[in-house]
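K.L.:
Protein chains in written order, with the working numbering: chain A, 1 to 527; chain B, 1001 to 1316; chain C, 2001 to 2223.
Think of the hints as simulated: they come from the structure by calculation, not from any bench.
Mixed in with the good hints, there may be bad ones.
To be verified - Listed below are the simulated EDC-like cross-link pairs for lysine to aspartate or glutamate, each with C-alpha atoms no more than 16 Å apart in a straight line:
{"hint": "1", "chain 1": "A", "residue 1": "179", "chain 2": "C", "residue 2": "2029"}
{"hint": "2", "chain 1": "B", "residue 1": "1097", "chain 2": "A", "residue 2": "307"}
{"hint": "3", "chain 1": "A", "residue 1": "179", "chain 2": "C", "residue 2": "2044"}
Unchecked claim - Quick look at which bits of chain A chain C covers, simulated, 3 or more residues with Cβ under 8 Å:
{"hint": "4", "region": "89 to 96"}
{"hint": "5", "region": "232 to 239"}
For each residue, glycine too, the CB sits at the ideal point set by N, CA and C.
Below, each chain spelled out in residue letters.
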Amino acid sequence: MHGAHSHNYLNHEKGLWSWLTTLDHKRIGVLYMISVFIFFFIGGVFAMLIRWELFSSGQNIVSPAGYNQLMTFHGAIMVFMVIIPGIPAFLGNFFLPLQIGAKDVAFPRLNLLSWYCLMVGAAIAFMSLFFSGADTGWTFYTPYSIQTDTGTIWLVTGAFVMGFSSILTGLNFVVTTHKLRAPGMTFWKMPLFVWSLYSTAILQILATPVLGITLLLLVAERVLGIGIFDPALGGDPVLFQHFFWFYSHPAVYIMILPAMGIISELITTYSRKTIFGYKAIALSTVGIAAVSFFVWGHHMFVSGQSEIAGIIFSFITMLVGVPTAIKTFNWVATLYGGSVRFDAPLLYALGFIFLFTIGGVTGIILATIATNVHFHDTYFVVAHFHYVMVGGTLMAIMGGVYHWFPKMFGRIVDDGMARITFVLIFVGFNVTFFPQFVLGAMGLPRRYADYPVAYEALNKISSIGSWTIGLGFLLALYVIIHALKRGEKAGDNPWGARTLEWQTSSPPPHENFDKPPVVTAGPYEYR
Amino acid sequence: MFSSTAQAAPRSFMPIQGSTVAGYVDSLYAFLLIASFIACVLVIGGFIYFAIRYRRRSENDKTLYITHNNTLEFAWSFIPFVIFMVAFGWGWWVYDKMRVFPENALEVHVTGYMWAWDFMYKNGKRTTNEFTVPVNTPVKLIMTSRDVIHSFFIPSFRVKQDVVPGRYSALWFEATKTGSFQVFCTEYCGTGHSAMLATVHVVETEEYENWLQVDPYRGLSLLEVGQSVFEGRCLVCHSPGEDRKVGPGLGGLFGKQVLLDDGSTVLGDENYIRESILYPNAKITAGYPSGVMPTFLGQLDETELLGLIEYIKSLE
Amino acid sequence: MSIAKTTTTAGSGPKPHHHAHHFESAEHEFSAAKLGLWVFLSTEILMFGGLFVGFFIFHGIYPEMFKEGSTFLDWRLGAVNTVVLLLSSFTIATSVYYAQKNNQKAVVLNLAATIALGAVFMMIKYIEYASKIEAGLLPGQLFSYEAAEAANLGLYFSFYFCMTGLHGLHVLIGMGVMAWVLKRAINGEFGPGYYTPIEGIALFWHLVDLIWIYLFPLLYLVE
């Protein structure tokens, strides 16, 4: 059924067992794709239920306790099971070796193990549903997470195990990038997607272990009462927040950096233009990764940390804004003088820039310490991070999936339908989340199961928008399934792209390239 | 009860400016919004223009080959940097106003717990879920929590501070308008988080002085005292009817046999009600988790306790 | 399928090792594996780093409590364990050396010695733990020692047990992996051409040793 080429990674071996034991990075990428899509569907259902409950003031479909479970699982699933593995472990796994001309990642067994870590971790996390759920929010703040009478420990343990998945992926990517580049592929000739995955990998390696130890201590706190985060025993609950955000702020960049890499690929391909400021983008990626380790305190301006600390964190956060702005300007400048073709992937890329810009400028509003005091933990923050995480990362995933689908499965996606999904998701997204900026400015706190009537009108608009997004993603699922079954056969390089993955057949053979590639030019040489 | 010239009704730009710092925060926010708007117009307008202007006309389009432009790149790195630094410095300046406490501030002690706020004044006056302060007077709130982390947020005053168990945190404000303003809990604290609301009443100094001296229960029957305490402290979790909220409904409790989680039963009499208020984990009603209800030992005086018992007796 | 597995050949020398299909050569594979190991070790350092940071923060808040806590630890047992671990680091390094020199017997001997020294370390650890548990010097809530002067002394023992416990777990894991490497060494799989697993476990073991070098003075000696 697949592709014009008789022999490729899809038919290299047969049967479910060959998939579950595969060491081929492409097949592992597909495994990740399936699991991430399923998790995204589950997390999306939780999101829909949240918006349904919030459609009007007062209790609608669930009790406040039920609502708290919804928002906890929505957050935990989307963060730990969708957005973090979403790009690196799924698209990255498939395309990093292809883009640098390698036959596989450095440690294929660890690669497979990382997928199993995600699966086992997710299974443990979902176990909590059978033990009266979890209601701490995905942030697990102490001392509430110590005191609450729910199955929090399962969710925490699950997140801990999923951390190994993330670390193993990062480890593999760092070594692969260093050791397995094709002859001639210098660092300055690597595609920007590879640069972004490399920076992400470093974040995964350095930040995730800190989350690991923090979650272990939280488990010990619940099981044994060790007291490190418990004020009654001399501990400090705010220390947990420091530890947690020391991981989770870099984690935000684990989520967005690879998305930025995808956007660089899409913009250049669909405008047939070399990237503007290759080195600036590459270096700003690394710069963001480095600085992101020193901004965690901007989540804690009103937590009681010292005023001086708050001011310093505000300052460093502003510094992260600069390389982020540079990237955005570079993408816009790349379009100048190009030959722009409005395929669905480009629409998603432009949608990314649109939404990410709004997410970025509101980030500056939140980084400014005096305004942060008002906006902290209100819907303004909810809107901001959804603009970055959904408007940014998910748009990039969608664009990336449509862009690389012909390479992965040898079939073309119906572009008209794909563009409709873009319109639905993009419009629905703005209708859902833009009103939340206003709600936040009006003072509505986040994680509220119910709200005063004064906030009802905007919440209604927001809920209506969420249905449009849901519709868009369901259609996107249909488009993909349709393409898998009935899509036209794709050529090796349907978009005329210049990076290495397009120089092999679609779908690629088991060892990626029939003849090991030798690189002589940069990744975006459109002349 | 209070003359109110300003309501806490939320407005779309920002809530009403009710304190001295609110104006500073709003000016900064306005600056940031305008700068953001310009940035969005430049970036979004820019890419829409380029994308349409340079749309593909034929498959043989020639594209420009531009790798970089140092001047341009320096400009768009440096200009945002300057704007960000202005935002940072301005933010710092306003933040200073929020965090440098005036010396002669009126101090009020605040205790947060699941899911209510207690306020205590220097003369011993105590209130729950609402408190009163004089207008044009600096007020300092010294806050702590009895259980988990809460956060005290008055949108109209643009102030917010986490309330942490085991330590004191503080915030201050000087209200500039009389009226009643909404207080939210903004740190997620469990089932009743969104119901952990309070109101701050801002009144003229004279009215405040009078209010401070008034015994809130003077002239009230024991039953009415109980009802007022119930509405302030118990209603978040207990219905006066028989329906389940966080805890069991208390309607018809008195004189009934209550089934406990160890299978035994206990008569719902004065002793049981009193024990359940002061030592909530001593006996747990069947079907409810233990450890959820905080103790009110030392939180209620004898009148309030008797009032509550009277009130619960009266519930059908 | 072109993934080459280790094939058996006759003869007394080390069996030839075939590198995986996506590497150019055995050296290429070895250098990748080594980089991967260093990256892995950095995750370990970050994880222990979290505990160390917590330790320093609380040491700063409650210096008296930490001082009192450390008096309950027997520095002599700690010192013996330090020597034991240092010695084991030496034996594992020697094992790598002999693998490079193709001295199969010495490789096996030194690996076995390292495992034995790890076991001695854990035994001494057990003696220490047993006496703490008996005295009620336990973490947080479980703390039941009556004559403590500092309030919340259990917090010190939370750090003591978390840090040494996590470290002990690493010793046990290291011993387990080493047993597997030992089995392969007895089969004669290693030689100058291929000794990546020995090199790997040696690096890991050095890190475990290094962490102890920091734990020992912090917990036992610092006042």
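K.L.:
Taking each numbered hint in turn, which are not upheld by the structure, reported in ascending numerical order?
P.N.:
3 and 4
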